[in-house]
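Visitor: Each chain, written out:
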Amino acid sequence: MPDILSHILFALILTKLFNIKRKTLVVLGAVLPDILGKLKMINYLTPGAPPGIVDFSNLFHSPIPLFVSAFIVALFFEYPYLGSVFFIFLGNLSHLLLDGTTKSFLFNGYLPILWADQFYIWIIVLSITYCLLTVLDIQLIKDQQTG
Amino acid sequence: MRLKRMKNKKKSDLSITIRIILGITLLSLFTLISIQNIQLKDNQTNLQNILDHPSLYEGRPYQTSGRVMANQGSYIFVLDSEATKPVPVLFLNNNLKINDNIVVYGEIHVDQLHIDGTPDMYILAEKVHMANSEPYKYIISGIALIIFAFMFFKEWSFSWTGFQESE
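Note that the protein sequences, when read in sequence, are chains A and B. For the first sequence, this note's numbering assigns the number 1 to the initial residue and increments by one for each residue that follows. For the second sequence, this note's numbering assigns the number 1 to the initial residue and increments by one for each residue that follows.
Be a bit skeptical, because a hint or two may be false.
As the list claims (entries may be wrong) - Derived Cβ-Cβ restraints for the label pairs, each shown as a range:
(1) A/Ile72 / B/Met151: 13 to 23 Å
(2) B/Leu22 / A/Gln144: 20 to 30 Å
(3) B/Tyr138 / A/Ser127: 14 to 24 Å
(4) B/Leu90 / A/Thr134: 49 to 59 Å
(5) A/Gly83 / B/Asp52: 10 to 20 Å
(6) A/Ile72 / B/Trp160: 10 to 20 Å
(7) B/Trp160 / A/Phe67: 38 to 48 Å
(8) B/Ala149 / A/Ile72: 13 to 23 Å
(9) A/Ile72 / B/Ala70: 37 to 47 Å
(10) B/Thr84 / A/Leu140: 36 to 46 Å
If you are wondering where the hints come from, they were derived from the structure by calculation, not from laboratory data. Fair warning: this is a prediction, and the values are worked out from it, not measured in the lab. Glycine is no exception: its CB is placed at the ideal position from the N, C-alpha and C atoms.
Make a model of the complete structure from these sequences and hints.
Guide: This is how it looks when you write it as structure tokens:
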């Protein structure tokens with residue numbers, strides 16, 4: 001699976017493409033599945049207990065639990081509630097989309113692009129894309145100002 | 001002036017069209033990936049269950065990934081984060097070293113490997129992918145979280161009633 005930096009870059013690209021002003025809510029949604037998945041570390045606090053009573057990693061890499069978690073996380077923001085839920089869930093979906101491009105021997109799926117350890121390729125491609133979009137944005141603003 | 005207005009309108013229409021097409025494309029990709037993940041989960045089961053009850057899973061294909069803890073010639077032992085003990089993998093003619101990170105695909109076999117005769121399982125490796133840059137992912141992710149925290153607290157300030165937009 002891609003690293004967190006790739007998820008952040010992909011979320012930022014989406015905010016640029018769809019002209020979303022509250023970028024950090026989308027980026028928060030994009031990093032939440034991996035952060036919430038690390039709740040499985042709780043298992044290590046109880047040595048001897050059966051591991052993985054709840055598989056937090058898989059739980060927070062499914063759309064419905066993420067949708068529910070978006071409603072909970074949005075409560076902590078003083079921002080139009082449904083707007084917050086929408087942006088956070090958009091970030092969640094971007095995370096799942098990028099994770100879905102991970103190759104696996106088990107399944108010759110629809111979009112296997114890169115192995116999990118080839119995360120650096122995602123960083124390079126997404127960084128270049130983000131820089132290009134930023135340059136395009138600057139150019140558009142300049143055109144509007146002169147036009 | 002009129003020509004410039006027409007040009008700007010065309011650019012704006014094009015921008016909206018591109019966004020709609022992109023949105024539909026992303027939604028379609030997401031749907032495809034969701035179907036793929038449902039099918040993938042049907043084929044995969046919890047590793048700890050397999051290690052505890054290997055006879056139930058004999059003959060099934062399985063994929064595991066992790067660090068090589070020991071190499072005893074044809075048998076290597078891979079520590080997957082989902083299990084409490086390393087997974088034995090039969091991988092003939094391997095050149096693997098201890099601490100190599102790999103992804104292994106193969107069939108689950110059950111054999112009596114213990115002195116007391118208790119059955120144990122091993123995976124007969126068919127495909128292996130080297131994944132030695134995997135650990136660096138965690139370092140990059142740590143740095144990314146710091147960058148995200150910086151971005152986040154630039155836009156939001158903490159108060160007891162919740163995060164408020166920074167002015």
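Visitor: Now, for every hint given, state plainly whether the structure supports it.
Guide: Verification of the supplied hints:
| no. | hint | result |
| --- | --- | --- |
| 1 | A/Ile72 / B/Met151: 13 to 23 Å | holds, 22 Å |
| 2 | B/Leu22 / A/Gln144: 20 to 30 Å | holds, 22 Å |
| 3 | B/Tyr138 / A/Ser127: 14 to 24 Å | holds, 19 Å |
| 4 | B/Leu90 / A/Thr134: 49 to 59 Å | holds, 51 Å |
| 5 | A/Gly83 / B/Asp52: 10 to 20 Å | violated, 47 Å |
| 6 | A/Ile72 / B/Trp160: 10 to 20 Å | holds, 18 Å |
| 7 | B/Trp160 / A/Phe67: 38 to 48 Å | violated, 27 Å |
| 8 | B/Ala149 / A/Ile72: 13 to 23 Å | holds, 20 Å |
| 9 | A/Ile72 / B/Ala70: 37 to 47 Å | holds, 43 Å |
| 10 | B/Thr84 / A/Leu140: 36 to 46 Å | violated, 55 Å |
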